[in-house]
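Chains as they are written, first to last, in full-length UniProt numbering: chain A, 1 to 341; chain B, 1 to 354.
Errors might be hidden in some of the hints.
[Claimed, not checked] Far from chain B, by Cβ distances over 12 Å, these chain A residues were calculated:
(1) T15
(2) L42
(3) D55
(4) D199
(5) R242
(6) L262
(7) V278
(8) R300
[Claimed, not checked] What follows is a set of in silico ranges between Cβ atoms, one per label pair, in the way DEER data are often shown:
(9) A/G84 - B/I73: 48 to 58 Å
(10) A/F137 - B/K33: 51 to 61 Å
(11) A/A112 - B/L177: 25 to 35 Å
[As the list claims (entries may be wrong)] On the chain A side, residues computed to face chain B include the following (Cβ under 10 Å):
(12) L22
(13) L170
(14) T173
(15) L274
Honestly, the hints are just simulated from the structure, not real lab data. No residue lacks a Cβ here, since even glycine has one placed at the ideal position from N, Cα and C.
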Amino acid sequence: MQRYYVERTLQAIVTVVSVMSLAFFLLRLMPGNPADAYRAELIQNNPQMTQAEIDHRVERKLNVIPDAPLHEQYVNYVTGLLQGDLGESINEGVPVAEIIAEALPWTIFTMATALLLSFAIGVSLGAMMAYKEGSYFDNGFSVGSILFNSIPNYIVGIVLIWFLGYRFELFPTGGRYSTDMEPTVALLEPLQTLAFLGDAVWHAALLIASYTVVAAGGWALRMRGNSIQILGEDYLRVARLRGLSERRIATRYVGRNAVLPLYTALLIAIGFALGGSVILEQVFTYPGVGYYMIEGLEARDYPLMMGVFLVMTVAVVLGVYIADLTYGIIDPRAQTRGGEH
Amino acid sequence: MSERSERTGTEPLHAIEDGDAFEAVSETTLTRKERYQRLLDRWVLAPGRIVWSERRARIGAGIILLYVILGLIGPALYKEPRTNQGPRSIAPLAEGLAYPLGTDNLGRDILAQIVHATPSMLQMIAAGGLFVTVMGVTVGTVAGYSGGRTDRALSLVTDIVMTIPGLPLIVILAALLEPQNPIVTGLILTVNVWAGLAREIRSQVLSISRHSYVEASQAMGLSTPSIIVKDILPNIMPYVLITFVNAARQVIFASVGLYFLGVLPYDSVVNWGVMIDQAVSGGAMHVASMAHWLVAPLATITLLSFGLILFSQGTDRMFNPRVRARHASTTGSDDDPTGAGDGAATTGAGGGVR
Numbered sequence: 001m002q003r004y005y006v007e008r009t010l011q012a013i014v015t016v017v018s019v020m021s022l023a024f025f026l027l028r029l030m031p032g033n034p035a036d037a038y039r040a041e042l043i044q045n046n047p048q049m050t051q052a053e054i055d056h057r058v059e060r061k062l063n064v065i066p067d068a069p070l071h072e073q074y075v076n077y078v079t080g081l082l083q084g085d086l087g088e089s090i091n092e093g094v095p096v097a098e099i100i101a102e103a104l105p106w107t108i109f110t111m112a113t114a115l116l117l118s119f120a121i122g123v124s125l126g127a128m129m130a131y132k133e134g135s136y137f138d139n140g141f142s143v144g145s146i147l148f149n150s151i152p153n154y155i156v157g158i159v160l161i162w163f164l165g166y167r168f169e170l171f172p173t174g175g176r177y178s179t180d181m182e183p184t185v186a187l188l189e190p191l192q193t194l195a196f197l198g199d200a201v202w203h204a205a206l207l208i209a210s211y212t213v214v215a216a217g218g219w220a221l222r223m224r225g226n227s228i229q230i231l232g233e234d235y236l237r238v239a240r241l242r243g244l245s246e247r248r249i250a251t252r253y254v255g256r257n258a259v260l261p262l263y264t265a266l267l268i269a270i271g272f273a274l275g276g277s278v279i280l281e282q283v284f285t286y287p288g289v290g291y292y293m294i295e296g297l298e299a300r301d302y303p304l305m306m307g308v309f310l311v312m313t314v315a316v317v318l319g320v321y322i323a324d325l326t327y328g329i330i331d332p333r334a335q336t337r338g339g340e341h
Numbered sequence: 001m002s003e004r005s006e007r008t009g010t011e012p013l014h015a016i017e018d019g020d021a022f023e024a025v026s027e028t029t030l031t032r033k034e035r036y037q038r039l040l041d042r043w044v045l046a047p048g049r050i051v052w053s054e055r056r057a058r059i060g061a062g063i064i065l066l067y068v069i070l071g072l073i074g075p076a077l078y079k080e081p082r083t084n085q086g087p088r089s090i091a092p093l094a095e096g097l098a099y100p101l102g103t104d105n106l107g108r109d110i111l112a113q114i115v116h117a118t119p120s121m122l123q124m125i126a127a128g129g130l131f132v133t134v135m136g137v138t139v140g141t142v143a144g145y146s147g148g149r150t151d152r153a154l155s156l157v158t159d160i161v162m163t164i165p166g167l168p169l170i171v172i173l174a175a176l177l178e179p180q181n182p183i184v185t186g187l188i189l190t191v192n193v194w195a196g197l198a199r200e201i202r203s204q205v206l207s208i209s210r211h212s213y214v215e216a217s218q219a220m221g222l223s224t225p226s227i228i229v230k231d232i233l234p235n236i237m238p239y240v241l242i243t244f245v246n247a248a249r250q251v252i253f254a255s256v257g258l259y260f261l262g263v264l265p266y267d268s269v270v271n272w273g274v275m276i277d278q279a280v281s282g283g284a285m286h287v288a289s290m291a292h293w294l295v296a297p298l299a300t301i302t303l304l305s306f307g308l309i310l311f312s313q314g315t316d317r318m319f320n321p322r323v324r325a326r327h328a329s330t331t332g333s334d335d336d337p338t339g340a341g342d343g344a345a346t347t348g349a350g351g352g353v354r
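Based on the sequences and whatever the hints tell you, model everything.
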């Protein structure tokens, strides 16, 4: 068991380092080599600047020392990243870390809400479907879940924004909150805070809904499968013979055992939801991290793109890591198998 | 198990023809034709029947077939989309069958755009699906079968690739490589999808390689590649089919999404994602009379994806050893009444091992 933890930790570290290296080489391979482009721009606009000054500016912007040997550049880049220095956005002229820090809470807010909602809805629906296996209820919702799960979430998003945003004008079609709204989160001003939070939820509602509808279908199908499998187990018959109430059987015996395997999937999904936000945030012009990734791409703002990519990767690595380490605590059965992963 | 050992047995027995005990067995060796027939039964007819017996898979296969036909012969039969080929922004069927799905704001026939976008989408799906399958099966089988250090190294790589968030990575690669060719695009879109398959296949292979017939083959001194090809691969094939379908879905989701965002470059390519993008920016969401422009590509993607997921759900039954065994034995007794049916049934039961 000890060894498993050590190996798992090493693996997480290796993953992060590999992705950082990948990012470094991608950044250098990017068309139009951002370092050269930026340097040319500096030379053109500031003829009086010395070579050293220019190099220094380029270094600050990209974490890459121009003309230095590759390994030196690499070390410099990685040390920068480890200190939270993601370089400077070429277009906005501010550190990438600042842009991400400002956008990330919004993405976390929408994606966490969407994920938890879809999980709650999916799991309860899936459990009910399993209990009534073969009924009209089960068949209807199974087909519905498959159908919703087969549509990309951005298509649901486009349809929602089309009808509820433009046609019926029930929801805003972009932004984090209304322009006339002062962002207030303070205990002393409960009314303003509530109004602001309500406004933010209202702006995020369609985005959250389009993720939730699609993901809930997937959770429901998986939960249904797990529950049906458990419903056939012997210990359930024993529980019935012991005269336990149906309610207790449903929650303690079936529900719990069917949900547990989904725990790992849920934590992994957190990371991937971040990645999935790229298209959704664009559809809803919602300035979260995914939105800035495409912004960065369109403006050829490579440090910004790479910054978002790295942050998302670290999020996934952390999610999967925590899932793997804690699963044994949540489901003791896994502990004996733990080393085999 | 009899049929399997018989099959794996024939080859080495040819090689070692000196023992009397072995020669007795070699009389039952199958002719080449019989062997092909049996392969056909196992790989085409039996799965085909299972697919056909399940309603979901049948509907799914029908939908997929429809798109394949559309992609293969549609462009030859139906006119190419061109600017000003018809009046601008007309509703579906407004002028009879001249523009069945209407036209967009540049007067291009919408059905023509959908039809002519299909071949490149199919190429993309085929390239992506093949890449995922080949990579996943190779890495997964080698890791699972060889174990030890090779397994650890491959598993580490697999885990790393799996952890990298796919969409952002694809976005960056697309910006870096600016793929125009649908086949290259297909490869980029599935750059990290193979890892999931490799991991699943590894665990399947781990359990299969503990079976007695694999040990028997090892004891007979068969080479590792031939054990992998003859004993292990047949057992994971149904699973691979499902993954191919899922990879196809992934390719569709990602490509349409990225064309919609304008991340993937397009000059000449017509694509459903590009159509959505143009419809959205052309105001199809605001003007009710333009709705068909947006509905057409949305419906096209949704239907294909629905077909793929139905198919993969339906073929899930091929996992079920009993279903497989039943069908394998009917196929066997239909085409080969010499009693190989029983053997096939046993293989089927062993074949579905999870």
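Honestly, which of those hints from before does the structure not fit?
1, 7, 8 and 13
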